[in-house]
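Enquirer: As numbered in this note's numbering, residues 6 to 95 make up the sequence shown, in order.
Treat the hints as calculated values from the structure; they're not laboratory data.
Bear in mind that the values here come from a model prediction, so they are computed numbers and not experimental data.
One thing to keep in mind: the hints can contain errors.
[Unchecked claim] Simulated crosslink set (SDA-like; lysine to any residue; CA at most 20 Å straight-line): (1) LYS51 x GLY40; (2) LYS24 x GLY40; (3) LYS14 x LYS24; (4) LYS64 x GLU47.
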Amino acid sequence: MKNTKYFDKEIYEMENKIKPIIVILIVFIIGLFSGFGVGYVEIHNKDNYINMINAELDKSNSSINELAEENSRLQTIINNYTIQSRRLDN
């Protein structure tokens with residue numbers, strides 16, 4: 006008889022059934038943690054992108070406000086010039 010570590014055929018068959026399940030479970034766990042890692046990196050990159058876009062929007066809003074103030078000043082100058090030119094015409 007062959008010298009093996011198995012004393013019972015049932016234990017041998019059970020171990021052969023369990024080995025593929027353990028391999029599949031290990032692959033599943035590795036895939037799960039890899040997915041979590043990739044998801045975290047993607048979320049982190051999106052957060053950085055959103056923060057960058059928000060900073061650009063803030064700069065744009067301040068530029069728009071400055072241009073609106075300048076437009077208001079120029080409109081006042083034009084109105085004053087128009088009033089003065091009408092006074093001179095009369």
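Enquirer: So, for every hint listed, does it hold in this structure?
Expert: Right, here's what the structure says about each hint:
A hinted pair counts as satisfied when its Cα atoms are at most 20 Å apart, and LYS51 with GLY40 qualifies at roughly 16 Å. Proximity of LYS24 to GLY40 is assessed by CA-CA distance (about 24 Å); at most 20 Å being required, the pair is judged violated. The suggested pairing of LYS14 with LYS24 holds, with an alpha-carbon distance near 16 Å, which does not exceed 20 Å. The suggested pairing of LYS64 with GLU47 is violated, with an alpha-carbon distance near 26 Å, which exceeds 20 Å.
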